[in-house]
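If you read the protein sequences in the order shown, they are chains X and A.
First residue of the first sequence: 826, per the working numbering; consecutive thereafter.
First residue of the second sequence: 361, per the working numbering; consecutive thereafter.
Any given hint could turn out to be false.
[Claimed, not checked] Derived lysine-lysine pairs resembling PhoX-like cross-links, with alpha carbons at most 20 Å apart:
1) A:K378 - X:K958
2) X:K846 - X:K884
3) X:K958 - A:K377
Don't read these hints as lab results, they were simulated from the structure.
Since the structure is predicted, the reported quantities are computational estimates derived from the model, not experimental observations.
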Amino acid sequence: MSHTDGFAVQTQNLRKVFSGKVAVRDLTLTVRRGEIFGFLGPNGAGKSTSIKMLLGLAKPTSGEAYVLGAPSGNVEIRRKIGFLPENFRFYEWLTPPELLHLHGRLCGVPASLLSQRIPALIDMVGLTPHVDKRLQYFSKGMMQRIGLAQALVHEPELIFLDEPTSGLDPIGRRMVRDIIRAQRDRGATVFLNSHLLSEIEITCDHVVFIREGEVVTSRDIRAQQEDAVRVEVRARKISAECVSGLARWSAAVEVDEERLTFTTPSREPLPDIMRYLVAAGADVYQFTPQRMSLEDLFMNVMGEDRGL
Amino acid sequence: MGVWIMAGITFREAARKKILWTALFAGAAFLLVFGIGLHLQVGDFRTSSVPPFLRYQVVSAMLMIGLYTVDLLAVVMTTLTSVDTISGEITSGTIHAIATKPLPRWQILLGKWLGFAAMAAVYVAMTFWGTIAEGYWIGGVMVQHPVQGALLVYLECIVALSVTFMFGTWFSTLTSGVIVLGLLGVAFLGGWLEQMSGFTEGSRLAMVGIISSLIMPSEAIWRRAAFDMESPLAGSLRFSPFADVSVPSLTMIGYACVYMLIVLAIATYHFRERDL
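So here's chain X without its partners, still in its complex pose (with noise of 0.2 Å):
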């Protein structure tokens, strides 16, 4: 695999069979630096197990995959590298700073820079009223953000973050997109792992569906407002001929009474719509453009049947 440079992760048909099931088929992926990137699936479509292979926790069965330009798994790079593991779970007799300095020091960072770092950390991740208190008294939610405060504790260049909402409340979830957002404006990457759709949509640049340990498709979120767009239309006198007509524009129409829904690859066709309608003798009422959200985007593309 060649230019790795400009990308934090590079994958070429990654494979993962565990006694002879496949867990990840085929995944070919680019994450680009500095971006927030989503990775979306539904259960057991390999999301974690891809997420083991980029972090070295497990070993690919074929393929290839780079992270910050060295081969997977590769020790040293893991400098820069910052992990929140899904359900984050460590020591409960430490107290958090014990915790953060325990983690600094295996990723190499100076004490002294730790003292100034941590007590900086707790209060980002909203833990301060917590700092003597033992792990094992922290509930779900506050693991989660002494599991972030430690995935930053040296300042990575890439993150990776297995669902780092899971357990918190609205303010935790706020704090967590704010803190992912700080990252990329440091410079960071942040790889995001999260079933929480709305999130990933507020949060992410770019995102990827994945299916089977497959790429299905892959979106640029800024760009998405340029992309698909779902119309409903309320109208009267809707006739066969005018619906069938409407396939020029779109494959997938709906008429349900007076409601008449489909979806266009843009914006750019809506006038030529309303006119065509108008001009089929339509008695048109509304005529509402809605861009599609990520979760209208993600059951069309894994298929209504699929569970998140």
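On the provided structure of chain X, position chain A as indicated by the hints.
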């Protein structure tokens, strides 16, 4: 560097989770019971007509039994306290936050091993030397070569620790514990069968014992320690449970050291290669 950080956190974990203190408390309880027993025995001898020579042999035998108890407790304590450290952290996912840090996996494993080895050293130092001190101050007896004996007991602990770590990289905590305790049982039985074979000079029985010791050399190490610590006269008395009728050679101690290193190398290799 990473090795020492892991060793330090493992030792601190033992202390903070009260494993170490509980073990030391249990050790102190043992010393108390042993001291009381020794004191009562010595008191009974003062009012009896047992000849001094025989008194000395009985109290010496009591000291050896005390040290054998120390040996058993130390090995079991080392196994039980360390059995969850690898497999438990893999199962709970705790290992993910450590194994993604910039330190090779062998350093994680070796650091943990050193932490538990240090804990075993504290335990053996307290209980072994406590027993020796009680034997000397209460019973007026002393073993031969106590330093050698202490080192061999400690070697037995770190052999058991290495075996526990190796299985911990493969199996769950419960399975690892069952396997290691089973192996210790095999070694215990094999050691005594070999000892019994010495009384009858039965080579087939001795062979069973030797094979058991090759599979798990823990008991053989103790029997060598007992041989080194017992006085030549007591050792040659055939009614003693630790009589030197079948003494493991120094080659067996060398084998135990090599065995431990190989087991540790296998543990390190498997931990490095496996998915977490």
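Hint check:
no.: 1; hint: A:K378 - X:K958; in the structure: 17 Å, holds
no.: 2; hint: X:K846 - X:K884; in the structure: 15 Å, holds
no.: 3; hint: X:K958 - A:K377; in the structure: 15 Å, holds
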